Amino acid sequence: MSQTAVDLAWRVLDTVPDPEIPVLSVRDLGIVRDVSCDQGGASVVLTPTYSGCPATEEIARSVREALEAAGFEPVTVTLRRAPAWTTDWISEAGRRKLLDYGIAPPGPEATDRSGAGLRPIRLLARSIDCPRCGSKRTERLSAFGSTACKALHRCLICLEPFEHFKPI
Amino acid sequence: MNSENRRQDTPRGRAGEPSPIAEPLDAGGRAASITIGDSPELRYVLRLADTCLIHAQRLTEWCGHAPVLEEDIALSNLALDLLGQARALLTHAGAIDGRGYDEDRLAFLREERDYLNLTLVEQPLRRGSAHSPGGDFADTQVRNLLLAVWLKLTWERLQSSSDAELAAVAGKAVKEARYHVEHAAGWVIRLGDGTQESSRRTQAAIERIWPFTAEMFADDEVDRAISARGIGPARSALLEPWLVEVQAVIDEAGVGMPGASRFISSGSRGMHSEHLGFVLAEMQSLQRTYPGGVW
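Read top to bottom, the protein sequences are chains E and L.
So for the first sequence, the working numbering puts the first residue at 65; every next one is plus one.
So for the second sequence, the working numbering puts the first residue at 7; every next one is plus one.
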């Protein structure tokens, strides 16, 4: 019984969009860390993406409203900081949706950056494939874009600007 | 006087909506100040929180004024990360303090002497910003570099803090700080290794800012207590790795590193330069005038 409820809750979470990138559900984004159901209620644990992400409170509210609309009562949403969210948690489906939407998906997050020989300076980040024409000849304009999670890039072949969901 | 009576004398944040909290008022009908205790745990968290908060507040002065649009967006993003880090730390400070103060009350109702940020972050950034002639764009980028490396080193060490909440905040913040270091390093190199004029101004910025860096590595009783309890690193332990990283950027930028100065600023002990009062007056004016006002 409870397992069925948990499956239903996950399916509901599949329909809750990220407010900044609505093509992604909160489940695709990998911020839903735990779902449990008990006696008609649901408890969801979310991990915020960035410390200052203004969407965090909005997401928590949408999750609560969606589960309540699906009949769960009471619904509790808690935020858990550790372990910290990483773009490695974005699902494969989520990555495909990002690409279709025109945002280059993140590569794997480097797990160890403290090794010897690593240059502290990286003026030109490794190039990201253009999500429009597929060219590898692109350049980064800025590591900071329209939201905390995206960087600004430009394709040198099709000349279109595009965003990259930066690995973190 | 009960809280209802007080409310009638008080301008409201939003018409018709009661304040979520009955804020104590001062004689002028404005939100009264709160004070903070002496525990090293509280003071340590507030030092870090206030450094992030005031650094963020200063960086937002660039919003709409940066030399290019991409940089305007980048500086606002840096400020947003720092503000998020400050919010988490202030909430944690409120829990340590135990008197029920939330992040907003800690940010908006403390006076200058109870603010514990590094003196460096309260220095004016932008030429023509309120109350001060300030520096130029090189000042901003040099300051960002020196602070981002220091914060990154601090967050790296706090990931293994005996304080689980601090460790959790650090686990997120360290990833953000890496991008901040990379961004500022890119600019310092571009400016230092650019034209004669940009190089001259970068060097001048380094020399103006450098004296404020001694405070980042000066231990006092708070640092000794928290490092003995495994909560965080002693500030002195950050000096060597900080110098290595900063030197690498400064070398690549083709500018020079000044010698150590004997001046040690004292913002983290609550004794500030003449600039913090103006920052707080602007930052706190809304909450002071409309006590408990919410969005």
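Hints in this document: simulated from the structure, not taken from any laboratory.
Because the structure is a prediction, the values reported are computed rather than measured.
One thing to keep in mind: the hints can contain errors.
[To be verified] Facing chain E, a subset of chain L residues (Cβ under 8 angstroms, in silico):
no., residue
1, Leu86
2, Gly90
3, Glu203
4, Ser205
Ideal Cβ positions, reconstructed from N, Cα and C, are used throughout, including at glycine.
Min Cβ distance, Leu86 of chain L to chain E: is it shorter than 8 angstroms? Result: holds, 4 angstroms to nearest chain E Cβ.
Per the CB criterion, is Ser205 of chain L less than 8 angstroms away from chain E? This hint is violated: Ser205 of chain L lies away from chain E, its Cβ roughly 17 angstroms from the closest one there, beyond 8 angstroms.
Closest C-beta approach of Glu203 of chain L to chain E relative to 8 angstroms, hint status: violated (21 angstroms)
With 8 angstroms as the cut and Cβ atoms as the points, is Gly90 of chain L at the interface with chain E? This interface hint holds because 3 angstroms falls under the 8 angstroms limit.
Hint violations for this structure: numbers 3 and 4, all remaining hints satisfied.
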